[in-house]
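*Asks:* Protein sequence lines, in the order shown, are assigned to chains A and B. When we follow this note's numbering, the leftmost residue of the first sequence carries the number 1, and every step to the right adds one. When we follow this note's numbering, the leftmost residue of the second sequence carries the number 1, and every step to the right adds one.
FYI, nobody ran anything at the bench for these hints, they're computed from the structure. Cβ atoms here follow ideal geometry from the backbone N, Cα and C, with glycine treated the same way. Certain hints may be false.
[As the list claims (entries may be wrong)] In silico lysine to aspartate or glutamate, EDC-like type, Cα no more than 16 Å apart, as pairs:
| id | chain 1 | residue 1 | chain 2 | residue 2 |
| --- | --- | --- | --- | --- |
| 1 | A | K169 | B | D147 |
| 2 | B | K228 | B | D147 |
| 3 | A | K179 | B | D147 |
[As the list claims (entries may be wrong)] Going by beta-carbon spacing under 7 Å, a handful of chain A positions derived as facing chain B:
| id | residue |
| --- | --- |
| 4 | G56 |
| 5 | D57 |
| 6 | E86 |
| 7 | P89 |
| 8 | G97 |
| 9 | L142 |
| 10 | N145 |
| 11 | V176 |
| 12 | I177 |
[Stated by the list, open to error] Take a look, some chain B residues computed to stay more than 12 Å from chain A by CB distance:
| id | residue |
| --- | --- |
| 13 | I26 |
| 14 | K55 |
| 15 | R87 |
| 16 | E90 |
| 17 | I117 |
| 18 | L119 |
| 19 | P186 |
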Amino acid sequence: MNTKVIMMNQELKTHINEALKKGVRLDGRKKDEFREIEIKTGVVATAEGSALVRCGDTEVIAGIKLQVGEPYPDSQDQGTMMVGSELLPLSNPNFEGGPPGIDSIEVARVIDRGIREGKAIDTKKLCIRVGELVWTVMIDVLPLNHDGNLIDVGGMAALAALENTRMLKIENDKIVIGKRTDEKLPICSMPVPVTVLKIGDNFIVDPTFEEEAVLDARLTVAVLEDDSLCALQKGGKASLTTKDIKGMIALAIDKSHELRKKINEAL
Amino acid sequence: MRKYTERENGRGFNETRPIEAKAGVIKKADGSAYFRIGKTTAYAAVYGPRECHPKHMQDPKTGILRCNYNMMPFSTEDRVRPGPSRRSKEISMVTEKALLPVVNLTDYANAVVDVYIELTETDAGSRCAGICAASIALADAGITMKDMVAAVSCGVVDHQVAVDLDGPEEHLHDLDVADIPIAMVPSTEEITLLQMDGKVSQEELLQAIENVKPALKRIADIQRKALKDRYK
């Protein structure tokens, strides 16, 4: 990043901070208010499941592909899953092509952790033959337009796409191309990731790209139906006090109800 | 001798699949578009003119056009491994060449105009869909252009010319199938992309180029309409 950009960020930061002190955000939202969310499922016919989530100007597409393969040595009776993400240069002028950078990897891993540790997928039901053959669920989350809050919006897209997924037919241990069944993936929970930003003394949710550029710290919390937490990720350069964490988690839990409702309504 | 007398999808031989186009779909971009032909769906975003990095690519006489074609991992039946492949690099290159004849970047010395094309879903004809989307996106970004570039793939199935092959047609096992992606500047009928795989005679190739022209002009109308609709 060149000096010009950082100086502009300082200006922007002061502006955002001053406004937040008065409880106002650049786009007129309240501090704990999400942008308008729109969820569409089944948008990609070549995917076993898919979803397109729009949150303000941020738009993310998630697609599920199923593969068959060997289980991991330490979980011979379980299927596997992986979340992939790439901050596409199509989605924002600040991104460059090339192998996924650390920001892409973080988005993918935090979404992955929520789904994995929240046991959203019953991986035991994805076992075809113990120790030999299991299903692998590949979840790819890609932004079409990146205007902030990729983890939450991508997380919602991944969850909606998983719910939308239909299993494939297999014959002689091989996938029959193009043969989808009516059977759904064994989904048993919906761990919704919610990211809370700390800018100055204020907590906000659903940041825009500009707000993300000036954050002091952030905390992503994946929340389950019973309000328990299944994944955490702190980001940003500033530290957090215990009081901060308490406040941020309470806000995340509160917002997770709203997001989960949105996803369920779309299904 | 078998003849391909009727298309499996019920279309006429000079008929494309249904087309949908929209400009200005990616807010962060300077210009953008969505182009869908049948199930093949392309998004294109244009960024620039902006400073060109790496610097050795800069041209002090003119701005350069840099295209990047990418298929999303879930855009085909078999998952595509993320990252560039030999195929995607070649398509990026021919896409650039297909668009260059209509754009004028001489006002933007040392700058680059980046075009990013993403395929969310494919069922044959993805490079052509990408070129159509990119062309709308370039116009949407306000780049000086002589005309649109319209593109569609033309097939020759068992000596019969068939415009805009879909996936199942491309994979007809018991018939000879040639696939000829063509891009054209509609007002001058100049051809800016021509590739082929398969086997055809000279006559069949020329016939294919002739038969595809009306379809390309229709596509150009749809592209222009998408741009106009943005300002309604």
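*Asks:* Run every hint past the structure and note whether it holds.
*Replies:* Status of the hints after comparison with the structure:
| no. | hint | in the structure |
| --- | --- | --- |
| 1 | A/K169 <-> B/D147 | 47 Å, violated |
| 2 | B/K228 <-> B/D147 | 14 Å, holds |
| 3 | A/K179 <-> B/D147 | 43 Å, violated |
| 4 | G56 | 9 Å, violated |
| 5 | D57 | 4 Å, holds |
| 6 | E86 | 6 Å, holds |
| 7 | P89 | 5 Å, holds |
| 8 | G97 | 6 Å, holds |
| 9 | L142 | 6 Å, holds |
| 10 | N145 | 5 Å, holds |
| 11 | V176 | 10 Å, violated |
| 12 | I177 | 5 Å, holds |
| 13 | I26 | 5 Å, violated |
| 14 | K55 | 14 Å, holds |
| 15 | R87 | 16 Å, holds |
| 16 | E90 | 16 Å, holds |
| 17 | I117 | 8 Å, violated |
| 18 | L119 | 10 Å, violated |
| 19 | P186 | 26 Å, holds |
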